[in-house]
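Quick one: dock chain against chain with the hints and give me the complex.
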Amino acid sequence: MNYAHLFLATLPETILEIAALFVLVFDLALLRKAAIKTRVAGAALLGIAGCVAALMAVFVAVPYSAGADLLLAAGGSAGVAQCAILILTALTLLLLIDCDFTRNPGEYVAVVLMAAAGGLIIAAAQDLLVIFTGLELLSLGLYILTAFNKQSGKSAEAAMKYYLFGGMSAAFLLFGFSYLYGISGSTSLQKIVHESYFATWFGGAPLLYLALVMIAVGLGFKVAAVPFHLWAPDTYEGAPAPAAAFIASVSKVASFALLISIGTAALHASGRYVIGQFVVEVTEHAARHMGMEGSWWLLLALLSVASMVFGNLAALAQISVRRLLAYSAIAHAGYILLGLAFFSYSNVSAAAILYYILTYGLTTIGAFGVVGVVERATGSDKLDSFLGLQKRNPLLGAVLLVLFLSLAGIPPLVGFWAKFNLFAAVLGVSGGEVPFSLVALALAFSAVSLYYYLQVLKRVYVMPAADETPIHAHPVTLVTLLAIAAAVVVMGCFPALLQSWIASFYPAM
Amino acid sequence: MLAFAIYISFAGALISALLPKGKPVLARWFALAVAVAGLAIAIAGYAAGFAQGRIVIVDVLWVPSMGIHYMLAADGISRVLVLLTGIAAVAGVLFSWNIDLRTNQFFAFYLALIGGVYGVFLSFDLFLLFVFYEIAIVPKYFLIAIWGSTRREYGAMKLALYSFVGSAMVLIGLLAAYSTSGSHSTALVDLARAGLPVSFQMWCFPLVFVGFGILAGLWPFHTWAPTGHVAAPTAASMLLAGVVMKLGAYGCLRVGIGLFPHGLDPWGFAFLGIGSWRDVFAWLAVIGIVYGALVALAQTDFKFVIGYSSVSHMGFVLLGLMTLNQIGLDGAVLQMFSHGIIAGLLFAIVGRVVYERTHTRQLAELETMHLSRRLPFAAWAFVVAGIASMGLPGFSGFVAELQVLVGAWRANPWWTAVSGIGIIVGVAYIWRALQKAFFSDALPTAHELEAEQAHKFAPITWPEITGVGLLGACSLAVGLYPRILLDSIEPAVKALLAGGMQ
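So the protein lines, in turn, are chains U and R. If you want my numbering, it's the 1-based position in the first sequence plus 305. If you want my numbering, it's the 1-based position in the second sequence plus 1.
By construction, these hints were calculated from the structure, which means they are not laboratory data. Among the hints, a few may not be true.
Stretches of chain U that chain R covers, calculated by requiring three or more beta carbons in the stretch to come under 8 Å of a beta carbon on chain R [stated by the list, open to error]:
#1 723-732
#2 754-760
#3 797-808
For glycine and all other residues, C-beta sits at the position ideal for the given N, C-alpha and C.
Looking at chain R on its own, in the form it has when it is part of the complex (with noise of 0.2 Å):
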């Protein structure tokens, strides 16, 4: 049934593409209408599926003479990432209500890296997973050419660029799987189950982490990030933050960790304490936290803070990949899941409910317009997400941040010591960010209180209301309730764990 999320998806864009230009209400409820179904389709299929193993939709021979299936299936991981992906598909819609230029158009693109996402994370043949990768690729760097703003088509490019590199390194691994297991299949679970040589897991590892870890912010291949974020229209940005650097560290788990577990045995010899590829891609992941928070401290621009702070959020997501523990992976994956809300969450607010009525992003402007009380809406919004971005208890933030540091603490004490500096800076980070946009010391003067009657902000719409709620609702309910998610990801990662994708 999943499946039909993809479909859906593709089908909407491809209509969307058809509709009549200059009717850009009918596109906006198509696309809503579409992306609704979509998060039906995957709430229905998280609840049919809760707790229950890997279920195959479909698996039928794609290429009968090269062994390529066509096989979509579900397990614990792929149910919580496609149910994330149906949230910010509804929420993006919502945050994109306000686009009149060539708006079929922009849900057109829209809806297909849409699609390309659940397929994603619901295909369990090495070369599907590859088409869909890839499928996502050429709307995103359409979405933010066209729609985007602060240079843009340097964005797009870069990212595009940058994707399809490390989609090339995937490629790469891929072909070289395929030509050395000899088991003339692509399944994952087939490949898995050929016996890669250690020897060959050791070099193709590397180049498939890296590969993917490129889209899921890994330092020091992240620089697309911030400034593809920032170029990108405000959905494009939640969705980039909220899902496709997901699929980066989807992709990192199921394919690095899952097709070849032994590429992270030891080396056998150690250099400056660096003994495998797990203490290296660990390290990198801490300085991703530790640098994207000191850099996010740094910024000027309000959209360049919550930029770096996906650099520093995805380290944890990396690091407790790392870990390769229970408790670190489970961290890892409902890490994917919190920081898919919470950045869709500030990226809609700086994006949508700020810019677009402030028209400027530089925080020392911001301070002077007294956002809170002329925009008390975004105010507090920001303060529920930011806190939540914090990770203070009660959202989801914290107990997924949690796991990965308790799973990097048995891994390697060190990890979680650095990574802390991190979690403190993040604190740092968003209060000033909070303070310079939001709550500035400086009393208004009669001339700007005159100006501020002259020029009102436009009042908040209920697309913005809706999509706040929605994601702030999420972020609470899994950090009030994170069972809810983590019944359904242990067993996955224990599987994972057990067994790598056999």
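Chain U extracted, bound-state conformation (with noise of 0.2 Å):
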């Protein structure tokens, strides 16, 4: 084992977790007399320049293995991803500037980004061990995430509703894992979707059948797919608005980063193999019906389907914004679902996925940065303190114009682009008669999602507002939201800007 090698592999992670330890140190130590929006934006400001620090490091990041088992990829969708998460979650910490829901913002921010490091560690994970490791350093900063607001009892029943979900989901994906192990005597990725393929050859499905249902309740539990959504609402409710946004954005972007490492590891598991007498020649045709992904699209697709048409009826009936954008999560959450259902041998899938997740998360982010802002000046995140909004604030009335209707698929904002990639990249996939049904179906509930977000948009813009008194926004957060509206807009514009970004990621083809 060569410890130069491994922390070259995980400088981002490493230079997060120093940021977050300097934070904490900085702002204890150093600011502790001061006010607390000086210590507050210190700590923002240090935890982004944390964030930037580890962006530089992606960069440099090497893979590292164990042995002949790949431990942590670099590169590709995992540097992908890794950079969406640094960059939503600077932007997460932009938005605090503003917040005084806690005395504590060097913790706050210290927990944010030992969060966050989990993220990468998810993102760039291909060993199950590693995978399980990430996702408890990133769950375990989100439950404390989630009650920090220490003054409301919402945030603190948010936070134990979901730990108890969490936890339950923790031990159900561990179980999943601990039967694969026990079909394929490895803890790595690609050694597991090997055993398996041979596992179905020679009878074993039904167990890992098994494994792979109890792998889906605890990812479909991260991704906030129906049936396992239970915690969202009540999470995104209760949380304060930085973290609800961070749960919202960074989260969902490691979490589907894993399922795409899982969807690329079960495909490219072709090759030609000797298991005593016999040859076995695995071909990408022959991965897609056997072995893991045989039974795995259909779990995904199910979830999908279950979240799509749940997330978007439900979100219909909803008074309270926060809540609704957390039906909207679920929702989104499907669509993604189905592009990892019908995922493609080339990159082009995970490509798209990645594409959706990205913009969703800056969209979210600053549907999170509005609400936050309006539940300050009304002190509630009901659809009513929303009347009104574009006189009180017209910016923030413009902002949240944008970010709805990217969020309801409406070109050419950058939503729309997400939507139809991945579309598009599933239709690619097969063009039979399942997938398509599918797609029509995701853009069905998207024309019926269209009314909940006109729902808002309507108190914005239609309804006379109740209280005319101006909502002033602090000039950080308002300029961070307008970046985040602006981006929004040109890169629907060019959606080849981000492609040709997330595109310079992979090896030519």
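Quick look at the structure:
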């Protein structure tokens, strides 16, 4: 084992951890007597600096293997996901500057950075144990962040629910992992995929299916797919706004990056193997129908349909904008799971999913930013507290218009491109009736989603304000939100920009 | 050059949104300037490309990895519809001269809508066309929901959801065509050349046709139209009926028929005499014509009469498309133009000239107001518009509907026979509205005369006279000399019939 090599492989994570400790020391030692505003700004800026440093390190990081088993990947999907995690983390920290929910900004930022480090590990992990470590690191951070508003009972309740669900799903995941280990005798994803292929060949399929169902439970919880979504509305509602934005964006990116790793590994099992006297030729086609992928896609497709249908329908009935965003997140997770269910051998699907989750994360952070500002001014996140926002703060109104229309998938905003990209990738994998009807279903439900996004925008633009006092936002928050909205418009008008950036991470085909 | 009509409109929308609040005069003149500039470009583009074939304006790769082109082009059909958009835009600004609430925002949404409409008519890439098509949805919602009248939030939401469902169907068709063709390009020309299998076209054609048809008022998916038109502020109903419904019809023509010509082939079996999607949609169009006219006859709200008359008149457009012969398609395109002008005029008179003064649209109440005496301008303008709408010779509606009916006769005489009923009822509902609203028999009592003296209606303003004059003149010009448009439409239709979008 070469520790210098390991250090180089985990350089981004290491930088984040160092930054986390540095923030703690800085906040507790130097700024202890300073005003709370200064402490928040200082901690947030240090955290952002850590993210930027880690972002640079992502391009230096190398893959890491223990013996023949790959533990951490670098570049490719992992690289994109790591960059996305760091950028989105920095944005959520920018939104913290205006917040006053905590007297311990140092701890908050440190926990955010550690959770983000967990996200980085998940994005790169190629081994069950590393995956589990990363997931726990991220999840524990998220539980703490959810509970960070100590004055709010809702925050504590949400954290408790999140923690209990999370603990249970982690148990399921670990149980599934143990079966996989039992089948394959290895914790390396690639080996497991190979061995699971032979397991189905020799009649071990039922055990494999059981393992996969368990894993789907665990990961379905992380991405908030129906029926493992119950924590999401409560957490989104109870957590402090920047924490909710972090959960809705960074944690999603990391979890979907993990699903991409699994999909990629499962499909790239082709090759020629000799087992005893048998010579087995595994083609791409066979890999799609046997072994892991054979039942995995079906599980994902089921979760996807359930999430699309339930998420969109439940969002229709919400009166709290945070809960509305939670259900819309469930619906969006459903669309992405569709892309994972019909995953391409080439990196088209992976790129499309990353495009989707990156832009979705960006949009959600912006949406939570606006919700946070409105909440501080009106004391509530109910639909009616958005009444007349265009008059009370025209810029915030415009930002919300752009972001929500993007979430609804109206061109030329980026959300539309993300959807188009994703569904084109799904249909590109197979032109059969099943993927086609599922895409049709997804589009039909995105028409449903327009209704609830318009419910919010209707209050912002159409209905008269009950209270016309202007709402002031901190300049930093306002600039961040405007930049996010501008990015959503620009990336929507020039979709090739982000596409070619993502493509630059993959080796040229 | 025509492309600048799009850019000017979107830039105008952005600037209008940023104009200072509380200066409605500035916002009005600015919007008028933008709309006139768009019209000038449309006229210049029409004159420059007169009787020419397809002219490509710009064609660059937009998203290289997916083969999506930013391709704007114009053929005879596009140029006619761009011209219509220009005229409708100017007239719409003139008839919203009295908007005082959040004027700059009104014109921002208005110009964004116009920009999207220009974009749809000029796009020759399926994807780009779809993008512009969807851009047009959102401004409509806000225009109606904020500045509308009767049940505006209901009407606006219904309209937005119907449009979005329609466009979702189109998007499904788009994705399917893109992945089936394997041509790795979304340019209409490339997709048409890809040789999509007949079995694929058979199910994709109805999907896309209905998707676009929802916006064109295809029966039985038309119910958004009357409620939306009635709820909308005058300028928005003018645009809705005048150009937005044409977006749907244009999509049916350009994408539905142009891209999936084999979707119209016979199925090989017939049920009740219906043996192809062509028969299905033609009969739906015929039903729309008769149904719209009959329902218009029974309305008590003046604006609903016009709203349902739109459904009836758009039925002629769709029927013309389904004739699949030169004269029928010429008629369909001409009817798009003609109805755009006439419906705009009717909505302007009902919504702006009459309603803003009487504050009621109930025919029963208007009957007691003796409007022919008190608002002679409105009465005579409505007589002219009504005659044009009935399809009397001398106005554009006559030429257009005649061509559609001749084309339909050649395809299936029964279509013509049944739609003839629609024309007769059309005369009846206009007549009824005209009589009830303006020329009621009852003589005013002395008491009423006193009340009239006490509450004089506001005088007719110059924007109203200009707008009515502009629209009336256009309809008359096309009615008297239809070649001015037909010379442009005919070659484009011929090319479309000969080779689809190739």
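Checked hints:
Check result for the region 723-732 of chain U against chain R: holds, 5 residues qualifying (beta carbon to beta carbon below 8 Å, three or more required). Given a C-beta distance limit of less than 8 Å, the hint that chain R covers the region 754-760 of chain U holds, as 3 residues qualify and 3 suffice. For the region 797-808 of chain U, the proposed coverage by chain R is satisfied: 5 residues have a C-beta within less than 8 Å of a C-beta in that chain, meeting the threshold of three.
Every hint from the earlier list agrees with this structure, and none is contradicted.
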